[in-house]
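> Sequence:
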Amino acid sequence: MKKSAFLLVFSFLVLSFSPAQAETEPWQLQKLDKGISVYTQFAKGSDYKELKAVCQIKTSLSSIIALSNDVESYPKWSYKCENSRIIKEISDQELIRYQSVTVPWPVDKRDMVVKAHSYQDPKTGVVHQKVTCMAEAAPAVNGYVRVKELRAMWTITPLKNGMVEVEYLLLVDPGGSVPAWVVNLAVVDGPYETALKMKEFVMKEKYQSAVYSFISEPK
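Anchor point for the sequence shown: position 80 equals 80 in this note's numbering, and the numbering is continuous, going up by one each time.
Hints are computed from structural coordinates only; laboratory data are not their basis. We put the beta carbon where it would ideally sit given N, CA and C, even for glycine.
Here are the in silico distance ranges between beta carbons for each label pair: (1) E136 <-> K219: 41 to 47 Å; (2) K58 <-> S216: 15 to 21 Å; (3) D108 <-> S216: 39 to 45 Å; (4) L29 <-> M153: 18 to 24 Å; (5) S91 <-> E165: 21 to 27 Å; (6) E205 <-> N83: 21 to 27 Å; (7) E72 <-> T132: 16 to 22 Å; (8) R85 <-> S209: 22 to 28 Å; (9) V141 <-> P218: 37 to 43 Å; (10) R85 <-> K31: 27 to 33 Å; (11) L29 <-> N161: 24 to 30 Å.
Derived lysine-lysine pairs resembling DSSO-like cross-links, with alpha carbons at most 27 Å apart: (12) K130 <-> K31; (13) K88 <-> K148; (14) K34 <-> K160; (15) K109 <-> K88; (16) K115 <-> K76; (17) K160 <-> K130; (18) K52 <-> K76; (19) K76 <-> K31; (20) K160 <-> K206; (21) K34 <-> K199; (22) K34 <-> K204; (23) K52 <-> K130; (24) K76 <-> K130; (25) K204 <-> K88; (26) K130 <-> K199; (27) K204 <-> K52; (28) K88 <-> K76; (29) K197 <-> K130; (30) K199 <-> K52; (31) K58 <-> K219; (32) K219 <-> K160.
Throw the hints in and build the complete structure from the sequences for me.
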């Protein structure tokens with residue numbers, strides 16, 4: 001098995017829940033390059049590492065949400081994403097999506113169904129997109145292991161001079177017979193590569209011109 005490739009795939013899909021760590025540990029900086037910081041920590045009650053990726057971009061709040069909501073674009077910028085589609089668009093703030101990722105043979109590929117809910121804090125102007133698992137919202141796909149435990153949060157904070165800070169938190173159990181120590185060996189490259197491509201991809205006109213009624217841009 002190509003273990004290194006397997007690990008890199010799950011560096012963007014990792015991290016979960018089991019009764020090992022008594023307390024949440026401080027965030028540990030794992031990588032800082034090209035303005036992108038990637039941190040990990042053991043969350044309370046977990047054998048897996050939780051992930052935080054942070055970067056700053058000169059763009060609008062709405063553009064990040066527009067990119068995240070453009071689900072069919074994921075294979076172009078989200079690390080190892082094989083296929084993605086919207087299952088149900090509930091509103092401009094909420095949708096249910098399907099996503100699958102590639103892994104080397106003989107490991108079964110993973111897929112997931114999640115609900116993404118976007119909103120803005122009226123006091124701070126910070127925009128959030130909360131992502132929760134909805135594993136049963138779509139039929140199982142032959143040859144894929146369905147991720148059944150996942151939660152993530154995008155936090156987009158307005159800064160000065162048209163800049164925003166984008167923070168991504170992720171906690172997920174990849175499912176199947178994947179030992180925690182194997183997953184934890186490499187949880188950095190996937191988030192870093194995704195953030196790097198996101199910074200470039202979000203500059204496309206269709207994202208830059210995006211407007212949402214629930215988002216108030218800083219003046």
